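**Student:** Listed below, chain by chain, are the residues.
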Amino acid sequence: MSYARRAAVVLWKDLLIEWRSKEQANALLFFCLLLLFLFQFALGPERDRLAAALPGLLWLGFILAGLLALGRSFLVERENDCWEALRLTPGDKSAIYLGKLLGNCVLMAAVEIILAVLFTVFYNVDLWAPAAPLALVMGLGTIGLAAVGTLFAAMTTQVRARELLFPVLLLPVQVPVLLATVSATQALLLGQPLADVAHWLKLLAGADVVYVTIGLLTFEFVLDG
Amino acid sequence: MITARELRKVYGSNCALDSVSLEVAGGECLALLGPNGAGKTTLLRILATLLRPTSGSLRVGDVDALRAPDRVRALIGMVAHGSHVYEDLTARENLRFWETLRSGDTAPARLLGALAQVELDGVADERVRTFSAGMKRRLGLARVLLGEARVLLLDEPFTGLDRRGRKWLNEFLLAFKARGGAAVVATHSFGGGLGVADRVAILGGGRLLLDRPAADLSPDALHRLYESLTDAIEGAP
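In order, the protein sequences belong to chains A and B. Going by the working numbering, the first residue of the first sequence is number 1, and it counts up by one from there. Going by the working numbering, the first residue of the second sequence is number 226, and it counts up by one from there.
The following block holds chain A by itself, in its conformation from the complex (with noise of 0.2 Å):
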């Protein structure tokens, strides 16, 4: 039984479900609304304030919906205590990370074109022109956010505590993927070329290889607490 296999049925699982239950889609899309609104409240009309606040602003979105996400991901799995039976499933634990994260990568990323989109149009800034080399840093960027989310979403789901727990474990470690999509993502809103953040694309790929690699390795023993 391939390994590719089975880390694809658990992405169809949890995409399934997803679909059907439109659980955290729901959530999301209303948190992304209402962020943009506090914003524009925040920020007012002027246009040089937005243009500098505008990547922290973008990453913040992406952060906080990716928080919502990336926590809620294994609550399905409390259900009916399939947790226990994922433990009990033979053969390799890491097949069913992967497919958790890849699921998780796929939602934020939904929710990232929905709110660049929405950022778009409350704020009249043009995301367009730089949209290929913006669309390589919001990639790079959610791996390394999803990659050690799902692996300390798991950690935390039997975690009485996890709504709190989850936050502060997880933003520290993030620190260097945000800085470097911050970084990035200015310097591209300000017309520079890709090649001028291939420093920040090189952190965030080196980022996303430890983090992967930490979640696929270590799996197992969070699964089986």
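What the hints contain is simulated information worked out from the structure, not anything from laboratory work. Bear in mind the structure is a predicted one, so any value in this text is a computation, not a measurement. We put the CB at the ideal spot given by N, CA and C, even for glycine. Wrong hints could be hidden among the right ones.
Residues from chain A that keep clear of chain B, each with C-beta distances beyond 12 Å, as calculated [as the list claims (entries may be wrong)]:
no., residue
1, F30
2, L54
3, L64
4, A85
5, G91
6, V106
7, A109
8, F122
9, N124
10, A132
11, L136
12, V175
13, L190
14, L201
15, V222
Where chain B lies over chain A, by a calculated footprint (3+ residues, C-beta under 8 Å) [as the list claims (entries may be wrong)]:
no., stretch
16, 3 to 9
17, 16 to 29
18, 70 to 82
Dock chain B against the given chain A, drawing on the hints supplied.
**Tutor:** Relative to chain A, chain B alone:
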């Protein structure tokens, strides 16, 4: 098939399981009786390798379950309090998911055959959310059927089942024993599982109070023995 020696599980100052030893051979069914909090679920979770004992040893087949839990898990089928099914998937999708993870053999006829055995083939494409508790339990059993386990661990499996479901489960356990499988059925009621049990064990206060062949005990004698043993434990300081 299952050999447990001096199993002990301690949570802080609370001893949930104290020096429990038992053996269940292939083709044998052990009914594990005990009141709530007796340690039945703790014992089943240890046997299933979901929980590590504080001390003691456990072998399933010829495998040391504490050293190689993953090898043991391939031999075990478990029906616990939770039915291990996803509410927003259909019955068929649930089986396809678990079988892809377990063996990769998701032939439609095989999945439908398992659903037919638990009489859920008529609702194969309905979401589990619409099922009754008994139907969810039967779907959990269909998942175990597909697993072709050699050891079955059932925690209160008769809960939520109607008379037909109970009859079906008894017949399933008889067939499982006939194939050489070993089963442990934990229950706090005398209503189910005893008819197919070869041995009866009573657990109370985390200790094994009795382990005897079922044929040696009439239902009345077992009932009296159970009450006197558990009353003594509950009345103990």
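**Student:** Beyond 12 Å from every Cβ of chain B: is that where the Cβ of L64 of chain A lies?
**Tutor:** Since the minimum Cβ distance to chain B is about 26 Å, L64 of chain A lies beyond 12 Å and the statement holds.
**Student:** Beyond 12 Å on every Cβ pair: is that true for F30 of chain A relative to chain B?
**Tutor:** Consistent with the label, F30 of chain A stays out of reach of chain B, its closest Cβ about 21 Å off (over 12 Å).
**Student:** So is G91 of chain A really clear of chain B, every C-beta pair being over 12 Å apart?
**Tutor:** violated (7 Å)
**Student:** Would V106 of chain A pass as off the interface with chain B, using Cβ distances and a cut of 12 Å?
**Tutor:** holds (17 Å)
**Student:** Please verify that the nearest CB of chain B lies beyond 12 Å from L54 of chain A's CB.
**Tutor:** Given that every Cβ of chain B is farther than 12 Å from that of L54 of chain A, nearest at about 37 Å, it holds.
**Student:** Counting residues of the stretch 16 to 29 of chain A whose CB is closer than 8 Å to a CB in chain B, do you get three or more?
**Tutor:** Since 4 is at least three, the answer is holds.
**Student:** For F122 of chain A, which was marked as not at the interface, is the minimum beta-carbon distance to chain B over 12 Å?
**Tutor:** Given that every Cβ of chain B is farther than 12 Å from that of F122 of chain A, nearest at about 33 Å, it holds.
**Student:** Residue count check for the stretch 70 to 82 of chain A against chain B: does it reach three with CB-CB under 8 Å?
**Tutor:** Satisfied; 5 residues make the cut.
**Student:** With d taken as the least Cβ-Cβ distance between A85 of chain A and chain B, does d exceed 12 Å?
**Tutor:** Given that some Cβ of chain B is not farther than 12 Å from that of A85 of chain A, nearest at about 4 Å, it is violated.
**Student:** Report holds if the minimum CB distance from A132 of chain A to chain B is greater than 12 Å, and violated otherwise.
**Tutor:** About 36 Å separates A132 of chain A from the closest Cβ of chain B, which puts it past 12 Å; holds.
**Student:** Please check whether the beta-carbon of V175 of chain A is more than 12 Å away from every beta-carbon in chain B.
**Tutor:** holds (35 Å)
**Student:** Is the nearest CB of chain B more than 12 Å from the CB of L190 of chain A?
**Tutor:** L190 of chain A is indeed farther than 12 Å from all Cβ atoms of chain B, at 44 Å.
The earlier numbered hints that this structure contradicts are 4 and 5.
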